[in-house]
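Asks: The chain contents come next:
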Amino acid sequence: MTDIFRLLRGNPEDSDYKKKGVIVQGITGAYGSLHAKNMMSYGTNIVAGVTPGKGGQKFEGKVPIYNTVKEAVDATDAKISIVFVPAKFFLDAAKDALEAGIKLLVAIPEHIPVRDTMEALELATQNGAVIIGPNTPGIMIPELIKIGIMPPTPFKAGRIAVLSKSGTLLYEICDALTSAGFGQSITIGVGGDPINGTRMIDAFEMVKDIPDLEGLVIIGEIGGDSEEVLAQRIIDIGFKKPTVAYIAGRAAPKEKRMGHAGAIVMGTYGSAESKVSMFNRANIPVAKRPSQVPVLLAGKMQKSD
Amino acid sequence: MRLLEFQAKELFREYGINLLPSKASKTIEEGKIHAKELGYPFVIKIQVPVGGRGKAGGIQKCQNDDELELKYPQVLGLTIKGEKARAILLEKMADIKKELYLSIFLNRSKRCYTIIASPEGGVEIESVKNQIIKEVGLGNVSDEIAREVAKEMKLDGKLADDFADILQKLAKLTVEKEAELAEINPLAIMQDGSLMALDGKFVTDDNSNFRHDELQKYQEKTEIEERAEKSGFSLVELDGDIAVVGNGAGLVMSTLDMLSDNGGKPACFLDVGGGATTESVYEALTLISKMNRVKGILVNLLISLPVFSRLKGTESEKAREMLKNSRTKIYDSIEDAINAAVMGIKK
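Protein chains in written order, with the working numbering: chain W, 1 to 305; chain D, 1001 to 1347.
If you are wondering where the hints come from, they were derived from the structure by calculation, not from laboratory data.
Here are the simulated PhoX-like pairs of lysine-lysine, each with C-alpha atoms no more than 25 Å apart in a straight line:
no., chain 1, residue 1, chain 2, residue 2
1, D, K1221, W, K254
2, W, K18, W, K103
3, D, K1110, W, K208
4, D, K1129, W, K254
From chain W, some residues computed to sit far from chain D (all C-beta separations above 10 Å):
no., residue
5, S15
6, K95
7, K103
8, D212
Backbone N, C-alpha and C fix where the C-beta goes; we use that ideal spot for every residue, glycine too.
Given the sequences, and given the hints that come with them, work out the whole structure.
Replies: Okay, structure coming up:
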């Protein structure tokens, strides 16, 4: 199992403890450069950028740009990369990164063909690497490292793990959690596509054994069955930490894609009812609206005291 | 996109999957010509991108001209689960011995393509019994796997060979067109012992459209949907009267839920995308103004920026009153709003 904290934070004896290097693929594009700057001001250690044909230049006068991830890795020894290239170039960018030894690839782009995601995933598995996304806001340990496009204000360091398919709902619900005094130990955006590099259940495996974890928030939405699979897993292992869920898309019509490629109900498969009833079986309350999440979480914590 | 039955069958035919003779039409005049070509008896089938056509009366037998004259307009006029008829398919009738089920789909939890086959087809997948399930990675089906599935279906001799052949052709179609689902239900064993695809469902991955110009003729879009796509929005039109706009699919879905919980009826789902800009929100509101049924607009934008807005027109006073205590600043003229925005940002 991937030790995500080892990758993002490292161990105290590491020379780069709490300042793990991150490469930005597509750093010279409008979106990539904006978020590279935002990540840097959040404190993420951006050590290199990659844009084919722009090797040798510097980003913001200090971050070296390379033509390939291989060159960037050779120069920096970074194990993490975040990708901002247009969807149709994602597979090439992912191959470039995974073959260069990247162990954590955060795939921001939306509209990546499913086949390309599956091919990238196969390569990641062969190389012992993890992909977060695609179509994800990214991953972060608040107040330590942000590898993604989240605005900083909703997040605060703490002891709640948050897993989310949606970006904006992650911000909305973390904002509510933070306001209620619940900081976050880690937030993982699994993404809104049908095929996720890290599924809900994989993300759960990454966080469930955090020593000082005080609670878990699952932000799901219609489509697929990753919430059901996760709920079943929670039942099976008898996970006891206070857990609350939220499911978006109760009012969505069937067989229509609701913005996210993965947000579609086919027959009963992927319906909100199916997810809610499975969470109920796992004794996990499901909030009706985002603002209810901290209320239900506080309730759960009282019960477990 | 989800193809209509006759479109799926066009692809099946191209890939050599056996079909009954059939013709699609949009008017009864065309239908009558097809009737002569095919000869009675045949069935007429409504072409809509949803299931449950039979139960809704969308599939009817026709024995002669009189019946065609009567039933064609009836079926063409049906609305099934909110979907109007796109066309009518006339298809020859044939004697069926047994109905099987066969599909290949993108298995989201296993993250691979998966075959589902069953000797008991002809019903919706949820009720298909004795499912044979095989995971096949990126979708390629070898001779060995195809024969294995045929064997598990308890088919033998020529029927087993034909089944394995159809399975491989369906797999090739799935891979080459980047489908999320390719389904033949029923796959019928005919009295003469041949295998025929009697119905077809085919759903492609919209994100791979840029590699499939050949499929774009199946794309059906209203003018509004086309404009939305051009602007990079996700739009789903609904039948209520309050338009819902926001940035981020999850946020807009969540807004839809809350609106419905409070008794409101959403007129649309409109996600302007992650990076909402002045231009994109303006374009979104312009689009909505073209939807006749919209009586109100609910905007939910997750931005950490002040909003400068010009609001003028019928009932703008009411809107202004409602926004009085918000962070949105309202101006009478667009010039004032622009000036305020420019000055506000400089501060």
